[in-house]
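Sequence order for the protein chains is X and W.
Read in order, the letters of the first sequence are residues 1 to 392 in full-length UniProt numbering.
Read in order, the letters of the second sequence are residues 1 to 373 in full-length UniProt numbering.
Check the hints yourself; a few may be wrong.
A short list of chain W residues far from chain X (calculated; beta carbon distances all over 10 Å) [unchecked claim]:
1) 24
2) 45
3) 91
4) 129
5) 190
6) 205
7) 339
8) 342
Partial selection, computed: residues in chain X whose CB lies under 10 Å from chain W [said to hold, decoys possible]:
9) 85
10) 91
11) 92
Calculated from the structure, these hints are not laboratory results.
By construction, the Cβ of each residue, glycine as well, lies at the ideal position given by its N, Cα and C atoms.
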Amino acid sequence: MPDFLVISAELAWPLAVLLAWLAGEFIHRWTRLPRISVYGLVGFLCAQAFPDLFTTEGSSPVTLLANVAFGLILFELGYRVNLHWLRINPWVPVSGLVETFATFGVVYLIAHLWGLPSMTSLLLASLAMSTSPAGVLRVINEQRSSGQVTERVLHLVAMNCVLAVLVFKVIVGFWVFQTSGSLTQAISHSLIELVASALLGAIFGTVVPAVLRHLGTLARDGTVAFALVVVILVAITHAADLSPVLATLAFGLTARHRRVAFTRTVRNFGAIGELMTVLLFVFAVSTLSWDNVLLGGGLAIVLLLARLLVKTVSVAAFAHVGGIPWRKGILTGVALSPMSVFVVLLLEQTKYAGIVLVDELAAVAAMTLFMEVIGPIFTQRALILARETAQE
Amino acid sequence: MPLEPFNGGTPLTMGVELELQLVSFSDYDLTASSPDLLHLLARKPFPGNVTPEITESMIEINSDVHTKHSELLAQLHQVRDTLVTAGEQLNIGIAGGGTHPFQKWVERRIFEKPRFKQVSQLYGYLAKQFTVFGQHVHIGCANGDDALFLLHSLSRYLPHFIALSASSPFVQGGDTLFNSARLNSVFAFPMSGRAPFLLSWDEFEHSYFAKMEHTGVIKSMKDFYWDIRPKPEYGTIELRVCDTPLTVERAAALACYLQALCAYLLERKEEPPAEDDYLVYNYNRFQACRFGLDGTVVHPKTYESLSLREDILTTLRKMDPYAEKLGGTAALNHLMQVTHMGSDAQYLRDQFNVSGSVEGIVDAAVRRFRGRM
Chain X
1 MPDFLVISAE
11 LAWPLAVLLA
21 WLAGEFIHRW
31 TRLPRISVYG
41 LVGFLCAQAF
51 PDLFTTEGSS
61 PVTLLANVAF
71 GLILFELGYR
81 VNLHWLRINP
91 WVPVSGLVET
101 FATFGVVYLI
111 AHLWGLPSMT
121 SLLLASLAMS
131 TSPAGVLRVI
141 NEQRSSGQVT
151 ERVLHLVAMN
161 CVLAVLVFKV
171 IVGFWVFQTS
181 GSLTQAISHS
191 LIELVASALL
201 GAIFGTVVPA
211 VLRHLGTLAR
221 DGTVAFALVV
231 VILVAITHAA
241 DLSPVLATLA
251 FGLTARHRRV
261 AFTRTVRNFG
271 AIGELMTVLL
281 FVFAVSTLSW
291 DNVLLGGGLA
301 IVLLLARLLV
311 KTVSVAAFAH
321 VGGIPWRKGI
331 LTGVALSPMS
341 VFVVLLLEQT
351 KYAGIVLVDE
361 LAAVAAMTLF
371 MEVIGPIFTQ
381 RALILARETA
391 QE
Chain W
1 MPLEPFNGGT
11 PLTMGVELEL
21 QLVSFSDYDL
31 TASSPDLLHL
41 LARKPFPGNV
51 TPEITESMIE
61 INSDVHTKHS
71 ELLAQLHQVR
81 DTLVTAGEQL
91 NIGIAGGGTH
101 PFQKWVERRI
111 FEKPRFKQVS
121 QLYGYLAKQF
131 TVFGQHVHIG
141 CANGDDALFL
151 LHSLSRYLPH
161 FIALSASSPF
171 VQGGDTLFNS
181 ARLNSVFAFP
191 MSGRAPFLLS
201 WDEFEHSYFA
211 KMEHTGVIKS
221 MKDFYWDIRP
231 KPEYGTIELR
241 VCDTPLTVER
251 AAALACYLQA
261 LCAYLLERKE
271 EPPAEDDYLV
281 YNYNRFQACR
291 FGLDGTVVHP
301 KTYESLSLRE
311 DILTTLRKMD
321 PYAEKLGGTA
331 ALNHLMQVTH
341 MGSDAQYLRD
351 QFNVSGSVEG
361 IVDAAVRRFR
371 GRM
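Here chain X stands alone, though its shape is the one from the complex (with noise of 0.2 Å):
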């Protein structure tokens, strides 16, 4: 007779994963809610109730699905940027770094005022700029939203992100340097492994559309293929303690720009890139446990209105010079609310470079799991009054 704890331990990811799917149709049926939001809520519980069942390491094939999962998601969002506007309308960039600079500086220094570390508060201050690409991404995805919050809110991502790994990375290199003393070693973790993504990224982006040129099946062939690459990017990226996140963004933005004409990948890659979705949210908040998130909770609170405030107020600021009325600008910086899958996966990727900073950050795990759940919403709210869903 075949053990039955084995049995539920092979079982336990597929199960959450049709739970949360479950749960998501359904209570997305009943309040419009994203769907993503339950995904979330639902791997938070499984995860809380057995925890033994959902333990993951670096390793594991589901990090590796995660990451592929966010890999999709992220080649989507830098296909969907467009570094021609950010130069003609240089408001919808200098936005980006005041409300991602003035996010760094604020989180930092509440969380010094609360009594954390130097080191501490600056990796939580690095990690509250950015937003979830993730949670933006499907939301817009699922509501089917055009317009100036929804375009400004994919550009602010995209740069906000690969603000956020830039000061994450150096700061961790730092904290390396602090404890190892060695410097080679420091910068391999920052610098080096910056640059390495990057170039990788751009290197398939240049490379993969002149192949489908070439083919004459760029119209055919393109989503198979460029999913096809994106995992193979997250492989390399993996096996070699390079940032899956640089690589995937590199490689969407260059593929964007690298062709005369693109077609479209197809949104979300399709039921796949769905199936995919459960799953990433699922994993994302299983990482977390409840006791950080108490320990945690007061000092997330307060860093998440703070962080709401800045960025609204910064996005806001640039709204009537940058073109849009103020009261789509107020929006846009509101739809920056998510913060989480991105950070777990940043999170989960330094424990390669032996650094367990999860628990350091009891902070951080509870803004992530209140931000995977609400900050979906706020997007979806944000996109709603902005009057830029398919609803009418």
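Chain X is fixed; fit chain W onto it per the hints.
What follows is chain W alone, placed relative to chain X:
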């Protein structure tokens, strides 16, 4: 509401309306961005008039009333440049073309305006399928009788305008094999097609419009989607069969061709229009939509088969003195080129072959509209 009196104005003045596509630079699909663009355009003086259209992925621009080609073209250039700059500031591409080659009508959003919402409620999916883009040309008429005379006399020349402006070969991602597939979308509306054969404004007003209004089917002239309709409040007739061309130069040229034709017809040298002219009307219209300049039409009076390209060339030559008097010679030369080089529909098909994708067509249309290629 009874029909407004016909505000007769200066004959042969002209005005142009263009419905334009708003395209997302992230995937070249249509984007529901007209509220954003209209907000930005409202902040600085606009050289003309810009209004929302039924779905949020379109806008309409109107020129002022002009008499000369050079003035009309100068204003359209100004309007275009203002639009393109505003679009770039918001990451929106602006393009001509009668249809968007791959947009899905089901994804369109109706603009928040009572009339558009009413139209959408009445016509269901047809309203969203009406995300097609046309050029309307107004020609000033001295009185209502002249307007109706011109309206029916022009029916024989309608295929010229369809073929010369054709720019909608692709619909929902595929080549329709039509040069102007847009008119098929317009034809689905119950009040589309030709106007009733009446030559007196008094009769039109009392025997036709009043009866139609009494039936409850229509409330104003706006409810008619005819190919050519009188516009009493402006004192014009409005030609509505043209696809929006890919460039404003072609839009201006088409308006001046119509102006010259009206000048010629008003001399009443041709046999007067008759109800029987409409025997071949739908067939000729179909030929122009389907085959463009390569179509074959039947002359409504002689029943002779004519190559549409040849018929256009003959008419253009006949219009030369009228265009010269009105300052529109350059416009006719432009159209002469079209008969040799091919229409915008041909250009779009070529772009599909070059780029290998429907997105490539939109990219080319956006660049062509800017006039920087």
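Checklist entry - Honestly, which of those hints from before does the structure not fit? => result Of the numbered hints given earlier, those the structure breaks are 1, 3, listed in rising order.
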